[in-house]
Structures are given as structure tokens and as C-alpha cells.
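Chemist: The residues making up each chain are set out below.
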Amino acid sequence: GENVEQHPSTLSVQEGDSAVIKCTYSDSASNYFPWYKQELGKGPQLIIDIRSNVGEKKDQRIAVTLNKTAKHFSLHITETQPEDSAVYFCAASKGGSYIPTFGRGTSLIVHP
Amino acid sequence: DVKVTQSSRYLVKRTGEKVFLECVQDMDHENMFWYRQDPGLGLRLIYFSYDVKMKEKGDIPEGYSVSREKKERFSLILESASTNQTSMYLCASSSPAGVPSYEQYFGPGTRLTVT
Numbered sequence: 001g002e003n004v005e006q007h008p009s010t011l012s013v014q015e016g017d018s019a020v021i022k023c024t025y026s027d028s029a030s031n032y033f034p035w036y037k038q039e040l041g042k043g044p045q046l047i048i049d050i051r052s053n054v055g056e057k058k059d060q061r062i063a064v065t066l067n068k069t070a071k072h073f074s075l076h077i078t079e080t081q082p083e084d085s086a087v088y089f090c091a092a093s094k095g096g097s098y099i100p101t102f103g104r105g106t107s108l109i110v111h112p
Numbered sequence: 001d002v003k004v005t006q007s008s009r010y011l012v013k014r015t016g017e018k019v020f021l022e023c024v025q026d027m028d029h030e031n032m033f034w035y036r037q038d039p040g041l042g043l044r045l046i047y048f049s050y051d052v053k054m055k056e057k058g059d060i061p062e063g064y065s066v067s068r069e070k071k072e073r074f075s076l077i078l079e080s081a082s083t084n085q086t087s088m089y090l091c092a093s094s095s096p097a098g099v100p101s102y103e104q105y106f107g108p109g110t111r112l113t114v115t
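Residue numbers (this note's numbering), protein chains in the order written: chain A, 1 to 112; chain B, 1 to 115.
Watch out, some of these pointers could steer you wrong.
[Said to hold, decoys possible] DSS-like cross-link-like pairs, simulated, lysine-lysine; straight-line CA separation at most 30 Å:
no.: 1; chain 1: B; residue 1: Lys71; chain 2: B; residue 2: Lys13
no.: 2; chain 1: B; residue 1: Lys53; chain 2: A; residue 2: Lys94
no.: 3; chain 1: A; residue 1: Lys37; chain 2: B; residue 2: Lys57
no.: 4; chain 1: A; residue 1: Lys37; chain 2: B; residue 2: Lys71
no.: 5; chain 1: A; residue 1: Lys71; chain 2: A; residue 2: Lys37
No lab work stands behind these hints: they were computed from the structure.
Generate coordinates for the entire structure from the input sequences, incorporating the hints supplied.
Modeler: Structure, rendered in C-alpha cells:
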């Protein structure tokens with residue numbers, strides 16, 4: 001089955017810095033890659049996703065890049081703010097499957 | 001807005017008790033899921049359901065069962081709770097009827113402690 005590795009497990013940055021979280025996946029048939037943000041006391045919420053026919057996608061301060069050859073995708077957050085502090089999960093799933101495989105999560109801490 | 005609600009935010013049960021965790025979604029989603037979340041282990045799928053009365057095992061189904069009698073409700077059952085089932089339990093749903101969608105909508109979670 002699919003295996004998703006996520007790094008780092010913890011990331012501490014100063015407000016205004018950029019943050020990058022990286023994930024690798026094992027199944028070349030995976031073609032949908034969502035990122036979820038989990039704030040304290042809440043369930044995860046989708047913040048951005050990318051499909052395998054796209055190399056990069058941006059939404060304001062967040063962007064996701066995908067390298068299908070290397071089976072690698074990353075989340076980039078620019079100009080970080082304290083409200084970006086949360087746990088972020090990457091995931092991968094195959095076409096036709098509604099079951100994503102999640103990474104283990106990254107705890108992002110943005111210091112004011 | 002899609003809303004997924006879970007019956008309890010915090011629950012304390014004793015070893016050997018039968019425990020019911022309930023989840024309700026209000027957007028006519030076809031798919032529903034139960035995950036457990038443990039530090040350093042991420043989200044692990046326990047069971048999922050594609051339709052009423054239909055269920056499939058996920059990655060860690062041992063010690064759990066599920067019930068989906070109505071489309072909007074998905075229950076997780078711990079037949080005989082054990083201390084290693086102390087965890088955060090998250091319910092999720094996806095895919096409105098007739099509209100295939102991969103985005104999962106999560107409830108706020110139930111933190112279960114088994115003593």
C-alpha cells in the first residue's frame with residue numbers, strides 16, 4: 001500500500017519567515033495530494049490540494065509543489081504569522097479512491 | 001458549510017466497558033470515516049463506509065466495530081475498552097451524493113481516556 005513520509009515533525013520559525021514542509025510518497029499511481037491544517041482543539045481542515053497533472057499551485061501565502069518523478073511534494077508558507085501555528089498533514093490518494101494515506105504531521109510554531 | 005459533529009469532546013471510561021462514539025454530518029455525504037490520532041503517528045484509519053449499512057476495515061480495525069444505519073450517522077464501537085485505546089478519535093465525511101469529491105471534512109474529535 002501507499003506510504004507517506006513527512007518531515008520535519010516539528011518546525012519553529014520567527015514571524016515573517018518562510019516555512020517548508022516536505023512529503024514523499026511510494027505509490028506512483030497516487031494522483032491527488034491534499035494538505036490539512038489542524039488548529040488546537042479542532043479537526044483537520046483542507047487548506048490546499050494538488051493533482052498530478054499540475055506542478056505547482058498557489059493560494060495567497062501558501063503554495064504546494066509536486067515532483068512526480070521524485071514522488072515528492074512540499075507545502076510552502078511565506079510571511080508566516082502566529083495564526084499559522086498548527087499541525088499540518090500531507091496526504092496522498094489514488095484516482096477513484098476516497099481513502100487518503102496521511103503523513104505523520106508537522107507541528108509548526110510561529111514565534112511573534 | 002459542512003458540519004461534522006461528534007457526540008462528546010471528552011470521555012472517560014473504564015477498562016472492559018462498551019463505548020459508543022457517534023458522528024453526524026449534515027451535508028448528505030456518501031463517505032464517512034473514523035480515524036484515531038496519536039502523537040507521532042498521525043491519522044490512522046479504523047473503518048470507513050461508502051453507504052448505509054456498508055463498512056470496510058481500515059488499517060487498524062482490531063478492537064473496534066462500526067454501525068451506519070442512517071446516511072448521516074456513523075458510530076464507532078469499542079466492544080471492550082482497553083487502556084491502549086486511549087486516544088483522540090476523529091470522524092470525517094466526504095463526497096456529496098452524485099458529486100465525487102476527495103476533500104474530507106473532520107469533526108472536532110473525541111478525546112477518550114480508558115482507565
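Chemist: Would you mind marking each hint as holding or not holding in the structure?
Modeler: Each hint, compared with the structure:
1. Using a Cα cut-off of 30 Å, the hinted pair lysine 71(B) and lysine 13(B) holds, with the two alpha carbons roughly 28 Å apart.
2. Annotation: proposed proximity of lysine 53(B) to lysine 94(A) holds, straight-line Cα distance about 25 Å (limit 30 Å).
3. The straight-line distance between the Cα atoms of lysine 37(A) and lysine 57(B) is roughly 26 Å, inside the 30 Å bound, and the hint therefore holds.
4. Between lysine 37(A) and lysine 71(B), the direct Cα distance comes to roughly 27 Å. Compliance with the 30 Å bound is thereby established for this hinted pair.
5. A threshold of 30 Å between alpha carbons decides the hint, and for lysine 71(A) with lysine 37(A) the separation of about 22 Å falls inside it, so the pair holds.
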